[in-house]
Amino acid sequence: MIILKTMMKTRSRYLHIYSICMLILFDSSSVSVAISQTDVWGELSKKVILPCPFKPGKDEVIHWNDLNPGTKPVHSYYYRMDKLDNQDPAYSGRTSLFPSELSQGNASLLITDVQKSDEKNYSCYVGTSSSSVEHEIRLHITAFENPTIKYTSKNDRRQLNCSVKNSTPEDAISVVWLQNNMSVAAGIDFHIENSTDILQCVIHHAYLDRTWTGYWEMTELSTEQHKVKLECKVCQSIQQNFSVQWTKRTNFSEIEVASMDSVKKTLQPADGYKQRLEQASDDEYAFYIKDLGTEDTGEYLCTTVQINGMQIIVTSLTVKGVEGNKALIIGLIIGGICFVLGIAGLRYWYKSRGRNQDDVVRGLGAMRKGQQISLDEAKICTTTIVNVGNKPVFNRSLSKEKFINCIDLVCVLEKL
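The opening position of the sequence shown corresponds to residue 1 in UniProt numbering, with each subsequent residue numbered one higher.
Hints are not guaranteed to be accurate.
[Unchecked claim] In silico PhoX-like cross-links for lysine-lysine, where the CA-CA straight-line distance does not exceed 25 Å: (1) Lys72 with Lys150; (2) Lys154 with Lys47; (3) Lys165 with Lys227; (4) Lys265 with Lys229; (5) Lys320 with Lys154.
Keep in mind that the hints were calculated from the coordinates and are not lab data.
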């Protein structure tokens, strides 16, 4: 195995020498070996292209190498195909050329998933049937990770912060603040003086020539209603995936309200809001909060995160007088229910007077020509009543006077 690898490596070197010797032998005037140096900046975990232009020709032989002594090839190409049997394992599966562009003189190397260990000097040699060229490239590894804009507020003091979690080199980052699209300040911190202003922070990485934008906007909303609509502006031109999150903030806490992603676009209420949120039909990024109370007063933040930016839309909500109105309405409802139940119970009680005759007589009595029937007479009267088809039928054995008095008693009861 060792002998085989040695033979392959020797063959590669001979092929390299052979391509140059053939150029000298057949047309020494066409040989043009030039060496140039280029600095390239690559971002951690991203892709980077190391440039290698050459004069187009036939039978290209391409060798990308690490200039550190004793290292294996980074990428090789000859006989119109990649030759990676002897490739440095550190680059396995991470390098490629642009075959369709070789005829145009482009032998650039693409490296994916850039690592810190990739930071070094590289050489690119290209030989053809008519010429050869060699370039040296210095790859610098930089970072531009987790840029963010943060909003803090306490006791009416509002502050924004724009920063990058990991950025190299140290002098690569600059931060500029825009107020209503006018540049007003530089630096990572910004104090908000007017809540009606639209604010942006622009973070620029000089070496990667990349820009990231943070956006902040605030509206104030006051209501005495039991339902309110909270809106969130989302740029409709965004092409990549993004996420939206709503939170509620007071001086003492911040809690999650709901979330949504750009794929499903379905509102996902947090546990404490599952029964109170309703997604708006006319705006997929807006929702209603129902059953409002004064405890719902606070700042509601809609935060949208994407690759090249982040935006925070703040709604400062004040809920007024809802608790008193709610208590009044609940009281009226309960009172109405009690009233209806009372009437129904009273009617049922009176219709069931045969089951509790003493209470009926004590409560109402009966009047005939201004004279009240005695309790004893009323008892005699009511005991003679027999319900037939919900109509009273009297015992005819009573005296005429008592019979007439009983009729009067029944009439009084039937009218109630």
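Here is what the structure says about each hint:
1. Lys72 with Lys150: Cα-Cα ~47 Å, so violated.
2. Lys154 with Lys47: Since the Cα atoms of lysine 154 and lysine 47 sit roughly 42 Å apart, the hinted pair is violated (cutoff 25 Å).
3. Lys165 with Lys227: Not OK: lysine 165 and lysine 227 at ~40 Å, beyond 25 Å, violated.
4. Lys265 with Lys229: 17 Å, holds
5. Lys320 with Lys154: 21 Å, holds
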